[in-house]
Amino acid sequence: MASIENPVAELPPPSASDLAHGEVLYSIRDLTVDYATRAGTVGAVDRVSLDIRKGEIIGLVGESGCGKSTLGKALMRMITPPGHISGGELLFAGEDLMLASDRRMRQLRGARIGMVFQDPMTSLNPLARIIDHLTETIQTHESTVSDAAARDRAEQLVARLGIRIERIDDYPHQFSGGMRQRIMIALALALRADFVIADEPTTALDVIVEAQFLDLLLELRDEFDLTILLITHNIGAVAEISDRVAVMYAGKLVELGPANAVFGETKHPYSQGLLQSVPNIDVDDVDLYQMAGSPPSLVHPPPGCRFHPRCPAAMDICRTEEPAFLKVAPEQATACWLYSKGRYDE
Amino acid sequence: MATTLENPPPESPVHLEEWEQELQKVGLVRRILRARRWYGTDWWFVTISTAMVVAFLVIAIAPQFFAKYDPLGQVGPRLLAPGELPAQEILILPEDSQYNSVADFATGERIPIAVQRETPSSEAARDEADRVTEENAAAGSDERVRLQIQRFETPGEVLDTVVAGDAVAGVMSSSVFKGLADQYPTLQSAGAISSAEQDATSFPLGTNQVGQDVLSRLIWGARIAIIIGFSAAIISFVIGVPLGLLAGFAGGKTDRLMTLIMDSIYAFPGLILAIAITAVLGPSIFNIIVAIAVLYIPTYYRIVRGQTLSAKEELYVEAARSIGAKSREILSRYIFPNVIPSVAIIFSVNVADAILTGAGLSFLGLGLPPSTPDWGIDLARGQEFIRSAWWLITFPGLAVMLVVLAFTMMGEGLVEIFNPKLRER
Numbered sequence: 004m005a006s007i008e009n010p011v012a013e014l015p016p017p018s019a020s021d022l023a024h025g026e027v028l029y030s031i032r033d034l035t036v037d038y039a040t041r042a043g044t045v046g047a048v049d050r051v052s053l054d055i056r057k058g059e060i061i062g063l064v065g066e067s068g069c070g071k072s073t074l075g076k077a078l079m080r081m082i083t084p085p086g087h088i089s090g091g092e093l094l095f096a097g098e099d100l101m102l103a104s105d106r107r108m109r110q111l112r113g114a115r116i117g118m119v120f121q122d123p124m125t126s127l128n129p130l131a132r133i134i135d136h137l138t139e140t141i142q143t144h145e146s147t148v149s150d151a152a153a154r155d156r157a158e159q160l161v162a163r164l165g166i167r168i169e170r171i172d173d174y175p176h177q178f179s180g181g182m183r184q185r186i187m188i189a190l191a192l193a194l195r196a197d198f199v200i201a202d203e204p205t206t207a208l209d210v211i212v213e214a215q216f217l218d219l220l221l222e223l224r225d226e227f228d229l230t231i232l233l234i235t236h237n238i239g240a241v242a243e244i245s246d247r248v249a250v251m252y253a254g255k256l257v258e259l260g261p262a263n264a265v266f267g268e269t270k271h272p273y274s275q276g277l278l279q280s281v282p283n284i285d286v287d288d289v290d291l292y293q294m295a296g297s298p299p300s301l302v303h304p305p306p307g308c309r310f311h312p313r314c315p316a317a318m319d320i321c322r323t324e325e326p327a328f329l330k331v332a333p334e335q336a337t338a339c340w341l342y343s344k345g346r347y348d349e
Numbered sequence: 091m092a093t094t095l096e097n098p099p100p101e102s103p104v105h106l107e108e109w110e111q112e113l114q115k116v117g118l119v120r121r122i123l124r125a126r127r128w129y130g131t132d133w134w135f136v137t138i139s140t141a142m143v144v145a146f147l148v149i150a151i152a153p154q155f156f157a158k159y160d161p162l163g164q165v166g167p168r169l170l171a172p173g174e175l176p177a178q179e180i181l182i183l184p185e186d187s188q189y190n191s192v193a194d195f196a197t198g199e200r201i202p203i204a205v206q207r208e209t210p211s212s213e214a215a216r217d218e219a220d221r222v223t224e225e226n227a228a229a230g231s232d233e234r235v236r237l238q239i240q241r242f243e244t245p246g247e248v249l250d251t252v253v254a255g256d257a258v259a260g261v262m263s264s265s266v267f268k269g270l271a272d273q274y275p276t277l278q279s280a281g282a283i284s285s286a287e288q289d290a291t292s293f294p295l296g297t298n299q300v301g302q303d304v305l306s307r308l309i310w311g312a313r314i315a316i317i318i319g320f321s322a323a324i325i326s327f328v329i330g331v332p333l334g335l336l337a338g339f340a341g342g343k344t345d346r347l348m349t350l351i352m353d354s355i356y357a358f359p360g361l362i363l364a365i366a367i368t369a370v371l372g373p374s375i376f377n378i379i380v381a382i383a384v385l386y387i388p389t390y391y392r393i394v395r396g397q398t399l400s401a402k403e404e405l406y407v408e409a410a411r412s413i414g415a416k417s418r419e420i421l422s423r424y425i426f427p428n429v430i431p432s433v434a435i436i437f438s439v440n441v442a443d444a445i446l447t448g449a450g451l452s453f454l455g456l457g458l459p460p461s462t463p464d465w466g467i468d469l470a471r472g473q474e475f476i477r478s479a480w481w482l483i484t485f486p487g488l489a490v491m492l493v494v495l496a497f498t499m500m501g502e503g504l505v506e507i508f509n510p511k512l513r514e515r
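Those protein sequences? They're chains F and V, same order as listed. Take the working numbering: the last position of the first sequence gets the number 349, and nothing is skipped along the way. Take the working numbering: the last position of the second sequence gets the number 515, and nothing is skipped along the way.
Since the hints were made in silico from the structure, they are not lab data. No false leads were slipped in.
Which residues of chain V face chain F? A partial, calculated answer using Cβ under 10 Å:
1) GLY341
2) VAL407
3) ARG423
Calculated cross-link-like contacts (lysine to any residue; reagent style SDA-like; alpha-carbon spacing at most 25 Å):
4) LYS416/V with MET108/F
5) LYS343/V with GLY43/F
6) LYS416/V with GLY341/V
For each residue, glycine too, the CB sits at the ideal point set by N, CA and C.
Construct all of the structure, not just a fragment, from the sequences and the given hints.
Next comes the structure, spelled out in structure tokens:
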């Protein structure tokens, strides 16, 4: 098992919120998202099922274009044409979001589900002051709140996130990337959202600000009882703060499990390749592992297991039959014939 | 070290020049005030055009304070060239005459006076005689000036009569006498007799074929130009901008249908479409405005739609949706404010275009009554005198050109002030 020492060494000890069988906040069943393009239908997310538990930080990793961000947007039902959710169930706190009206979705967005975007430089309206963003968010959902009260709440929140209150009247361009990401978090917290989707929040930040931001996420999780879906291709970030990790490849979920299990007892060959691709400062071997090939076209995905053209352990069955997503350890599941072959034979 | 500061590495992506850093810190008003420093030699470009636009607006709003004469009245001789003195009627006497002026004619006897037919001379002579008579009456004297006017076909005949002594004096225009004075050495001018309050500055741009003051008509024409230009630009703005916002934001079939319509209008040659619309609606200033407004709706539509298309893909719009903002709020609070600066600049250029098209329409005789003081109409009326009276078409043409130039230059200047990144370095 070619695992990486560094991220594993930094794994936090299992905390109280690392719930073995915690209450499920968001239950995703067979979610499928298609994009209609000229070349054909692109299955960006293909029958993904995932239970997000209350209070956990779940990391979602994978290469660029594997459907991570699409999944994140689908969870808020923010897929815009030419894309659409073509199947599956979204159960958020027991409510079926696929049946929810647009009005109901608007209420949920911000109020219960917040989102932090990849590029902090463009995710704030350049012509509105920071305070306007916050008060507008509050008053959109709670129209009875007075301007003064909204400002009061905004100031408290901004202060909590470590930004000087007098900066609140500034415009976004006067803020640094890390500060803007904190404002995006503040927008989610302004209405006490309990589920935050962070879509590659640290990609545009330097490593020091990134570490600060991840620490902040951990603190806020405990303080505000947040559940966080951390979408990233930064394996280090996931290893550092996630309770569980989900690995996606070409629109499919290929591995899911507790962070220490996924990084320590990596099952799926793709996850193994992904981990080996992370440079390790402790190892003098300068040859960085490079996975062969590139992700397949999602218009015509390969038959069988979508990873088989690049898989070092590919078998005949991988080329014809799609592997089921099956439990391989008490908390760990993967979709790979290497582990389900025995079951298949039965 | 100093050299490093003066020549920062150009490849550094975050490097901002000093003026740009300063620019980040100040508001719009100071940006304009400091334009000279930031825009180097270009500052006069903005300043001059803005001054011209302001002057035009002031004149157009209150033409009555600037125009000396009624633009519709016959206020002077016909076809007077710019700066030319109105022809003075002068009294011509033999050198040995016992008289020196018209006042000396107040003897009660009829004085024979020679004039040329169909010139203002006889009228001027009578007017002067009446004036002298009234003056004498006011002074308590009852001596009247009585003239016996003799009419001749040519100036030569008039002067011959005076030399022969058949008439006591002649009256003719000073310019005519100047040309003949050499042939009649015994005659001399006894000064102007017309009650001339006019001097060289009376008609700085001359008069037209019906004796109207060209300058006064230009000044009043500015009012028509501003009414047409601004009304048309505002109407197209008010219609084009929301349509562009809606089409860009809604997308799909709505967008395709509206874009098709707008592109068809846009593809049509502007002036011809305006002519067609005015021809259908009938001539009136309102219909001219409507015709021009229709012409420019697609300009706003296309720009706003394009900007909306890109703005709605911006992350901050998606972020707005992620906090539960409604479509209406996204349009009005996030997209509209980010789209509007580019449109504001188009507005200035569009006013200029509308003025030009308006002048074109009235030049072709569409829309306004032919006596209206309008630049296009003045051009149309002046074109038949293009050989003899250059000032009739030159000044209205210059007025149109300068106003259009000023608005366009100001628009371009504003682009640079609002959006300094567009500047060529």
